[in-house]
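Take a look at the letters that make up each chain.
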Amino acid sequence: MRFKNVFNIIGPSMVGPSSSHTAGAARLGRAARQLLGVCPEHADIILYGSFAETYWGHGTDLALVGGLLDYSPDDPRLPDAAEEADQLGMTIQFDKGSGNYPHPNFVRIRLRQGEQTAELAGASIGGGNIEIHEMNGFDLKGSGQYPTLAVEHQDSKGVLADITRTLSESELNIGFMDVDRKSRSGEAMTIIELDSAPVQQVLDRIEQLPYVTRAVVINLD
Amino acid sequence: MQFRSLKDIIRLCEERSLTIAELMVEEQVKETGVSREEVIRQMTDYYHIMKEAVHKGITEDTVSRSGLTGGDARRVYNYLNNGETASGSDATRAMSYALAVSEVNASMGRIIATPTAGSCGIIPGVFVSTQERFGWSDELMVMGLFAAGAIGYVIANNSSISGAEGGCQAEVGSAIGMAAGAVVELRKGTPEQAMHAVGLALKNTLGLICDPVAGLVEIPCIVRNGLGAVNALAAADMALAGVRSAIPSDEVVDVMLQVGRSMPSEHRETARGGLAQTPTGRKITEELRRRRQNNGN
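If you read the protein sequences in the order shown, they are chains A and B. Heads up: the first sequence at position 69 corresponds to 69 in the working numbering, and the numbers run straight through without jumps. So the number in the working numbering is just where the residue sits in the second sequence, counting from 1, plus 221.
If you're looking for bench data, these hints aren't it; they were derived computationally from the structure. Heads up, the beta-carbon is just placed ideally off N, CA and C, and yes, glycines get one too. Relax, there's no trap hidden among the hints.
Calculated cross-link-like contacts (lysine to aspartate or glutamate; reagent style EDC-like; alpha-carbon spacing at most 20 Å):
{"#": "1", "chain 1": "B", "residue 1": "Lys277", "chain 2": "A", "residue 2": "Asp74"}
{"#": "2", "chain 1": "B", "residue 1": "Lys251", "chain 2": "A", "residue 2": "Asp195"}
{"#": "3", "chain 1": "A", "residue 1": "Lys4", "chain 2": "B", "residue 2": "Glu243"}
{"#": "4", "chain 1": "A", "residue 1": "Lys4", "chain 2": "B", "residue 2": "Asp475"}
{"#": "5", "chain 1": "A", "residue 1": "Lys96", "chain 2": "A", "residue 2": "Glu53"}
{"#": "6", "chain 1": "B", "residue 1": "Lys251", "chain 2": "A", "residue 2": "Glu171"}
Not the full set, but computed from the structure, chain B residues with beta-carbon under 8 Å of chain A:
{"#": "7", "residue": "Thr253"}
{"#": "8", "residue": "Gln263"}
{"#": "9", "residue": "Ala334"}
{"#": "10", "residue": "Val438"}
{"#": "11", "residue": "Arg513"}
Generate the whole structure from the sequences, applying the supplied hints.
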């Protein structure tokens with residue numbers, strides 16, 4: 001089921017004019033920013049399909065930038081996001097993508113802050129709902145509807161068991177999860193959609209586990 | 222959720238002796254683990270935002286960011302208050318309220334996506350006008366939103382609520398079906414009658430393309446919301462009168478997906494076809510582009 005509950009249908013509360021091109025775009029931008037973990041100094045945003053054709057009319061650009069500033073889709077500052085980003089010294093490059101893309105409203109966002117980078121690709125599937133397709137080069141599917149734990153680690157026996165045990169000890173229930181690796185014993189990434197958001201302490205514990213390199217939470221609510 | 226189809230909803234309502242709204246609340250609580258009070262509180266907040274948007278749209282001069290649209294809700298509202306309307310005052314009121322919310326949306330004001338922003342006027346237009354007319358409580362209207370949500374949930378998962386995926390039928394069409402079914406329940410019709418209203422309404426919007434001029438959620442979206450509110454009332458009346466959807470409503474939902482998939486991309490929110498590419502549509506697009514370049518952003 002792509003849409004999981006009644007507030008995916010009645011809702012969200014949002015600043016207009018388009019749930020897929022404004023609210024969904026804001027959430028995709030926000031997911032990318034939270035994957036990076038800090039406010040980016042530079043963003044490359046590549047728009048595909050209907051996003052590329054009509055972004056300026058729907059304020060998709062403003063919404064994406066608002067998301068990079070960690071604004072929610074009903075934040076009244078959304079229409080002024082470009083000025084705010086400018087004042088913070090954020091540089092943003094918008095491009096139209098070519099080649100294949102999996103959904104008519106698709107965007108790829110590459111962020112940089114110093115040495116740190118993040119990349120997220122995803123679709124806005126209607127009604128402000130999103131579908132994450134890729135994170136940092138891994139094929140990972142997420143809905144953004146739940147607090148999402150994203151863990152970068154090495155592909156090794158027991159890593160997932162360690163992570164899920166830590167979550168279980170922290171009384172956190174797993175709704176959905178997805179794993180991808182670049183090669184056997186190579187780099188891997190896992191995303192876990194949880195019923196409630198983990199506190200910083202839980203993230204710290206997961207980052208200290210063997211073979212884990214980084215853990216962040218994407219929480220769009 | 223325990224239901225995947227409109228038929229499932231009817232069956233569960235009959236088995237558990239529930240209204241569609243009550244079923245939706247129960248299932249929402251089960252699915253999310255959030256308490257009944259909290260779920261109802263959030264929907265109540267949403268209903269208040271809808272009412273605010275109606276009020277704003279008929280009392281303030283809303284002009285869209287592009288400057289292309291605004292003021293039609295007030296035009297219709299004043300016309301309604303000045304005399305005899307062709308469609309009757311109740312339908313005209315629903316229409317002016319629906320236009321109001323869609324105009325607020327186009328001016329980057331706050332709305333509730335029902336199910337999307339492009340179709341955000343229809344449910345508030347129908348709900349707020351019928352509430353005034355029948356003297357219904359906010360509590361009842363909030364339950365009506367859950368009924369609309371249950372219908373939308375089935376449409377969204379079995380078909381689409383995105384204009385980019387399925388054309389305008391997926392947005393305005395879905396909202397009309399949701400509003401029609403909810404009104405049947407608010408008027409004490411059975412779940413079965415409510416689902417016939419959904420099918421009747423959706424049949425009337427099958428094939429409707431998404432062709433916004435310059436890609437903006439303005440032309441023709443705002444007008445389609447106004448007319449959509451009237452269609453929702455009409456479909457509810459048909460169903461309450463005992464008219465049935467000869468093609469079962471779940472089959473209508475399925476065919477909406479097929480029709481949407483076979484639409485060329487020109488007619489799915491890309492602004493590369495339909496009204497967007499008429500001589501006037503192209504002229505408006507060009508003017509906006511020029512203005513945007515002159516502003517340097």
